[in-house]
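K.L.:
Protein sequence lines, in the order shown, are assigned to chains Y and C.
Letter 244 of the first sequence, counting from 1, is numbered 244 in this note's numbering, and no numbers are missing.
Letter 222 of the second sequence, counting from 1, is numbered 1222 in this note's numbering, and no numbers are missing.
Mixed in with the good hints, there may be bad ones.
Said to hold, decoys possible - Computed cross-link-like contacts, DMTMM-like style, restricted to lysine to aspartate or glutamate with a CA-CA straight-line distance of at most 25 angstroms:
{"no.": "1", "chain 1": "C", "residue 1": "K1192", "chain 2": "C", "residue 2": "E1118"}
{"no.": "2", "chain 1": "Y", "residue 1": "K23", "chain 2": "C", "residue 2": "D1098"}
{"no.": "3", "chain 1": "Y", "residue 1": "K246", "chain 2": "C", "residue 2": "D1167"}
{"no.": "4", "chain 1": "Y", "residue 1": "K246", "chain 2": "C", "residue 2": "E1033"}
{"no.": "5", "chain 1": "C", "residue 1": "K1221", "chain 2": "C", "residue 2": "D1167"}
{"no.": "6", "chain 1": "Y", "residue 1": "K249", "chain 2": "C", "residue 2": "E1033"}
{"no.": "7", "chain 1": "C", "residue 1": "K1039", "chain 2": "Y", "residue 2": "E218"}
{"no.": "8", "chain 1": "Y", "residue 1": "K249", "chain 2": "C", "residue 2": "D1167"}
{"no.": "9", "chain 1": "Y", "residue 1": "K92", "chain 2": "C", "residue 2": "D1167"}
{"no.": "10", "chain 1": "C", "residue 1": "K1046", "chain 2": "C", "residue 2": "D1137"}
{"no.": "11", "chain 1": "Y", "residue 1": "K92", "chain 2": "C", "residue 2": "E1162"}
{"no.": "12", "chain 1": "Y", "residue 1": "K92", "chain 2": "C", "residue 2": "E1118"}
{"no.": "13", "chain 1": "Y", "residue 1": "K249", "chain 2": "C", "residue 2": "D1082"}
{"no.": "14", "chain 1": "C", "residue 1": "K1176", "chain 2": "C", "residue 2": "E1232"}
{"no.": "15", "chain 1": "Y", "residue 1": "K23", "chain 2": "C", "residue 2": "E1102"}
Worth flagging that the hints you see were computed from the coordinates, not collected in a lab.
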Amino acid sequence: MNSNRFYQLLIALTQKEIKARYKNALLGFLWIFINPIIQMLVIGFVFSLIFHFGIKRYYLFLFTGLLPWNFFSLSLNKATQRIVWDRHLIQKASFPRSVIPLSVVLSHFVHFLISWGLLLIFLLFTRQWQFFYPQTILFQLWAILLLFFFTGSLSLITSCLNVFYRDVSFFTQAGILIWFYATPIVYPLSAIPVRFRPLFYLNPLSGVISLLQQPVTELALPSTVLLGQTGLVLLVAVLGFRLFVKKEKYFSDWV
Amino acid sequence: MTDLAIKLTNISKKYLLHHEKPTLVESLFRKKEIFWALKNINLEIKKGDKLGIIGPNGAGKSTLLKIIAGITTPTEGKITTDGRISSLIDLQAGFHPDLTGEENIYLYGLLLGLSQSEIKANLKKIVRFSGLGKFIDAQLFTYSSGMKLRLGFSVIAHSQPEILIIDEAITAGDEKFRQKSLVKMQGFFGQKKTILFVSHHLGIVKEFCPRILWLEKGRLKTLGPSRKVISEYLKSSQEIKK
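Just chain Y, same shape as in the assembly:
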């Protein structure tokens, strides 16, 4: 398989995803921003009434956590079911199957990047300079890369398994629901008692989101944790890719 064709196909399918979603939508691209805003207002209202963990700009804190989370959960949910849904393609043409889940993830990633860019513009106008220090920019880039690789590799695993066991998509949906509360998004990592923190460190998303929220919370993530989570993500990527390559030959027999 030549890699050129792989990328051309991946990009074409990603464009298809993006175009198809907004072609007949009145507000078009604005929808990427509307969802997290509604979510932020609802969750923000509830938590600022009850308890806001001593965070001054709680809404901003929430928003910086919800954007990456939405990318992760949407991508994973959609990508998991996608190979089965695209069975007509699997049965009729021979092409690297990984372009199907990866194009779903990539199209959501484009949305995420656009919305993060819009957020940065907003922060620039409101003079929130702490988001633009060289170090925080570097951490943001690192976190976004980690987020992308983790989501992509996890979706390779779940979408592949879902071909052979259709209940995997239900497990994934339920898992994501629990994962939301197990990840420091609506609360900072510092709200977790120290002795439980190692448990949270096993979740790469805790690092990703802590890094992105750092300019608001001013809480640093231990560098050993960051390196460990980076290693974990690479491990998941290798495992996911190998599983997929091993199994994709049989997809057409199962969909």
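Got chain Y sorted already, so can you dock chain C onto it with the hints?
P.N.:
Just chain C, lined up with the frame of chain Y:
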């Protein structure tokens, strides 16, 4: 390379029978039932050969084509192919209703194994052949089913495959387009392409293919000159009727 386009050695394909959707729960408790769709197929097809494939429903014809096209993997045996393979199996598999005709040409072409630049170079020809004219910029869900078939056929017809797989007689679109596609198909048969042609229309198979492969219950029954294989095939189906 040799002059072989396709070489199958001891190809067998096993399927698991699914009575319902495969689930984790089922896989733990249910006993697995297996079914051999193909058993020990040996076949050599030279470049430029035109081979017809016949056999009753469930004989394994589609499975054989899927293995050759690289869509599925044989359980046992080895397959080697040389050259780009396109299949006229389903003319609409890669289409997306929300994209325009032209966007769909690109997507479909890439799925068939063409590169972006090849599609670009052939775009005008594809659009002209499809006869869709100004509709090429309209979203696909506005197309009639005939228009979609025409678009699909046009892309495949311009994909310049070295090995072409044709499943069932292709009757795309209205009479005018049917004539046009028939001429194009005859053109394919006239060229030095390797062609595999599956059909229940024995007359057409005989006309196009000098050699015919007869599959029966997943096994290779006969491979030989068209006339001989077809008369044997007809005789055996007569016997079943009695």
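K.L.:
Next, verify each hint and record whether it holds.
P.N.:
Comparing the hints with the structure gives:
The hinted pair formed by K1192 of chain C and E1118 of chain C meets the criterion: a straight-line CA distance of about 20 angstroms does not exceed 25 angstroms. Restraint check for K23 of chain Y and D1098 of chain C: the C-alpha separation of about 7 angstroms stays at or below 25 angstroms, so the hint holds. Of the pairs offered as hints, the one joining K246 of chain Y and D1167 of chain C is violated, with about 29 angstroms between alpha carbons and a cut-off of 25 angstroms exceeded. Restraint check for K246 of chain Y and E1033 of chain C: the C-alpha separation of about 23 angstroms stays at or below 25 angstroms, so the hint holds.
Simply put, K1221 of chain C and D1167 of chain C have alpha-carbon atoms about 20 angstroms apart, close enough for the 25 angstroms limit, and the pair holds. Of the supplied pair hints, the one linking K249 of chain Y and E1033 of chain C holds, its CA atoms being roughly 21 angstroms apart against a limit of 25 angstroms. The suggested pairing of K1039 of chain C with E218 of chain Y is violated, with an alpha-carbon distance near 67 angstroms, which exceeds 25 angstroms. Between the alpha carbons of K249 of chain Y and D1167 of chain C the distance comes to roughly 22 angstroms, so the proposed pair stays at or under 25 angstroms and holds.
The hinted pair formed by K92 of chain Y and D1167 of chain C meets the criterion: a straight-line CA distance of about 11 angstroms does not exceed 25 angstroms. The suggested pairing of K1046 of chain C with D1137 of chain C is violated, with an alpha-carbon distance near 41 angstroms, which exceeds 25 angstroms. Restraint check for K92 of chain Y and E1162 of chain C: the C-alpha separation of about 18 angstroms stays at or below 25 angstroms, so the hint holds. A hinted pair counts as satisfied when its Cα atoms are at most 25 angstroms apart, and K92 of chain Y with E1118 of chain C qualifies at roughly 21 angstroms.
This hinted pair checks out: K249 of chain Y and D1082 of chain C have alpha carbons roughly 19 angstroms apart, not beyond 25 angstroms. With a C-alpha separation of about 36 angstroms, the suggested pair K1176 of chain C and E1232 of chain C falls outside the 25 angstroms cut-off, and the hint is violated. As the CA atoms of K23 of chain Y and E1102 of chain C are separated by approximately 15 angstroms, the hinted pair is consistent with the 25 angstroms bound.
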